[in-house]
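Top line first, the protein sequences correspond to chains A, B, C and D. Numbering-wise (our numbering), the first sequence opens with residue 3 and increments by one. Numbering-wise (our numbering), the second sequence opens with residue 3 and increments by one. Numbering-wise (our numbering), the third sequence opens with residue 3 and increments by one. Numbering-wise (our numbering), the fourth sequence opens with residue 3 and increments by one.
None of these hints come from the bench; they were simulated from the model. Keep in mind that a hint or two might mislead.
The list cannot tell twin chains apart, which means a pair is met if one copy fits it or any two copies do.
In silico SDA-like cross-links for lysine to any residue, where the CA-CA straight-line distance does not exceed 25 Å [to be verified]:
id, residue 1, residue 2
1, 142, 270
2, 208, 14
3, 133, 147
4, 208, 10
5, 16, 204
6, 16, 26
So the chains spell out like this:
4 protein chains.
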Amino acid sequence: MNASTEPGAEQRTKDWWRTSIIEMSPGVIRYRGYPIEQLIGRVSFAQMVWLMTRGELPSEPQGRLLEAALTAGVDHGPQAPSIAIARMAATCGVGLNNAMASAVNVLGDVHGGAGEQALELYQAIAQRMDKGDALVQAVKQGVDDAIAAHGKFVSGFGHRFHAVDPRTAPLLQLVDEAACAGVVSGRFAQIARAVEGELAARKGGKRIPMNVDGATAVVYAELGFPAPLARGLFCLSRSVGILAHAWEQTQQGGRNKGPIPREYIWSYDGPAPRDVPAD
Amino acid sequence: MNASTEPGAEQRTKDWWRTSIIEMSPGVIRYRGYPIEQLIGRVSFAQMVWLMTRGELPSEPQGRLLEAALTAGVDHGPQAPSIAIARMAATCGVGLNNAMASAVNVLGDVHGGAGEQALELYQAIAQRMDKGDALVQAVKQGVDDAIAAHGKFVSGFGHRFHAVDPRTAPLLQLVDEAACAGVVSGRFAQIARAVEGELAARKGGKRIPMNVDGATAVVYAELGFPAPLARGLFCLSRSVGILAHAWEQTQQGGRNKGPIPREYIWSYDGPAPRDVPAD
Amino acid sequence: MNASTEPGAEQRTKDWWRTSIIEMSPGVIRYRGYPIEQLIGRVSFAQMVWLMTRGELPSEPQGRLLEAALTAGVDHGPQAPSIAIARMAATCGVGLNNAMASAVNVLGDVHGGAGEQALELYQAIAQRMDKGDALVQAVKQGVDDAIAAHGKFVSGFGHRFHAVDPRTAPLLQLVDEAACAGVVSGRFAQIARAVEGELAARKGGKRIPMNVDGATAVVYAELGFPAPLARGLFCLSRSVGILAHAWEQTQQGGRNKGPIPREYIWSYDGPAPRDVPAD
Amino acid sequence: MNASTEPGAEQRTKDWWRTSIIEMSPGVIRYRGYPIEQLIGRVSFAQMVWLMTRGELPSEPQGRLLEAALTAGVDHGPQAPSIAIARMAATCGVGLNNAMASAVNVLGDVHGGAGEQALELYQAIAQRMDKGDALVQAVKQGVDDAIAAHGKFVSGFGHRFHAVDPRTAPLLQLVDEAACAGVVSGRFAQIARAVEGELAARKGGKRIPMNVDGATAVVYAELGFPAPLARGLFCLSRSVGILAHAWEQTQQGGRNKGPIPREYIWSYDGPAPRDVPAD
């Protein structure tokens, strides 16, 4: 680059932040090229999520399928750490935005990453099939790899509270309908069911049913989302429940509400009382 | 309460967390009484937001109006602190959930509270009218009170970047249409426009146009949301842009990306170099 | 400013971030003018906290008094929302930094702001005395104002768990000793004790003893810290306990640990089961 | 366990939270067995950090060495994402606690994990030596493994801004002095220097000097801290700078301060303007 074409300081500063998501000038806001005034009222919130994260507007049926997955994960009650945190935060004198932040923050690999891991599993199986493996063989190998990487629990299957997760069947049914209508291929629903079958076979026939993470991962895979966005979408979805609980707790009142009733002090198993040694 | 009806320890523990949002038993999840399997695929995401935060399902047109407001606030580019934080976080080796948390967290009174404050203003004006004040009088008094409480900038009006905020007109048009259709009363659109008129009058005719916060507050007021939820809904809305930017930045790469290019060190105006005094 | 002296883009970018805290060039780091290599090993951590937040190095005795206050607030057990959040977060697959963030975040007005409010009260009383009010009169008026602003609980006095807060006496004793040694004036210890006396008088002699927030606020006031830093210093202090608990929980293990044992589902008081209306 | 010894609901609730860090009863607080009133004013803040995270009080010289490492990492200026986030947050209408949270949150693997990774490397080398490897051989193998696991940059060595990190030499000198005095073994300082030598040899003699993360990891390793706490201790340390910058920014004022000056809009490289397709 010679001196005359070298970008000036102003340009270097602008280039420090580069995006293909949003373009603005005074009076103008465009997302992915579309003017905001054309989007408002004409696309669904789920279509907007898709446009922002992936760059193109989905069709209306694609948007509805995404919407179903977002609906499925909104809440799992005050025993989930994310929801409990939102409620406790609301009693500590912070704003709803802060309560939401502390709560969304814990949706990490264990609490919020199961969908991402399930999607990775499905995609890995699909890639084996693209290279010529039969479904059964690809599933066996994929499950082996998942167990080797993450331990004996295969993300997306089994639930410590629900013997059968009530969110799975309606999601799969919507995927099946969308596959019939040509909206999606149905390939990942097939893969996920085969994983469920493989897991049952390994347990001597005892079913370890697909849970909400496994089922939403089917939706996201069918719709072409990359795996890390499965976690991001779950964060959006759960944010709704987080907000609802933070708001309900705000209305219930309470100050510095802890996890258990005040009359129950925790269990202590440390050193017996002792004195600080003399200097 | 006599001894025999006094709740036992187990009951006291259960009662420590009390909610009217979600009921669960193995295999069953109900939100506000509705089984999850009936909600998935049949209600829009915006209807779900409404159900969770307010307790009842809105009509479809109400849901669409809420959806328009949620769509309007998703993003305002990398110069907004929330978006910049999401992008910087994404380069620091944290998950998308963490990037979202750090970013949503800053949607406080200044960055995320304008809609809440605008809604409070509209509601205060409406209450004056309920007590018999004329619109003009109620607006004058409401604006006086808002300025006394929050300073000369009236939240929801004027924008430091957009002379005219492109998100306002389409939102108000949707409210007007919904008012014509009997979905909402149109009362708060009238109030907000009167506030805009009052502000112009105080500036000798110079218009200080309603911005996205003022316009979404109209939507939320028309739909009956309490003021604090205006902030919560904005957090949900902006979370979409936050996620999109965190994800885009992840794909762009970068490690520990700071706010300005590395060749520009910040400006220092502290003490001149000096030695730590001898002990 | 004429064209020739108008700062260029590079300068404007540098000026966007301006600080008197830190100056850097390759191989050089100076905090408040002092080279880092002279500070390491020669100042205490508390002196460093003081230097960074206030601009000058404190004397060693001032540093020790600050250290005592920082030590007093590190932990109040897993029933405090901040600590519970740290522990729950640690089971969700996030890093220690994330667990600390979710927890520190809730140290808001209610959980973390009592010291700040107590300090404001002491300073308001001192200002009245500077204008000529007698101690007794200034205290009465200050307490009246605090109650009017924040409600019947005066921040820094009384504790829902400890009839007598065991952290108060040792802190006040250190302040008294420092006052005898001329390190501090002792004025704010006198004011705080007078507030305690006034509160007891209003309760017909029933003592509402100064708690840890009231006592650390005495230390911070004696050392000349502005009120908002009382909250900031408490955040630093409690971060130690937060880290310790997050780390202990990590070692204990657990996945998605919620606030109460899994066999206790929460109490539900919402609508009875119902069907989603037909479209 | 038979029915009569099975714990009741109250006990199960208490056992849900179990800790060896803190024991409390009304009027009593003990950390690791030591009563709080004996700790306040008698131990340094660094000793308290050690007691809380590890269970025993360190000697005074151990505490001072820890203090030096905590001092070294407090701040690296507004170009570091953590500091920039703290400053931007402070202009968004959130509390100092929230600003600290958003900032500490990003101290993840890339921004806050280098010390942890360096400590793991040193420990892995030490373990090889314990099994009989010579220093040179253990270092070669350890570096190979680190590069295989984390890529070509070995955490703790090299700095993109400082050719020589000014924090390294004073920290190593303190470790050497402590080794002479028998406070620590000096083993990890030797290992770290051997790593530095190995890296230079691989670069044909070009030195890639140990940075602050590599040097604080030496301190933490000498003092016996487990690797994950290196990150936790860095979070405590950097929290000081984060607080100082958030507070300075609060005093400077500003509302919704973004990363770059307002006259520089970011660079856009997305789709050209286009219309939303007709429904």
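Okay, the hints, checked on the actual structure:
1. 142 <-> 270: Intra 46 Å, inter 42 Å, cutoff 25 Å: neither.
2. 208 <-> 14: neither (61 Å within a copy, 31 Å between copies)
3. 133 <-> 147: within (17 Å within a copy, 32 Å between copies)
4. 208 <-> 10: neither (67 Å within a copy, 33 Å between copies)
5. 16 <-> 204: Neither: 56 Å inside a copy, 37 Å across copies.
6. 16 <-> 26: both (13 Å within a copy, 24 Å between copies)
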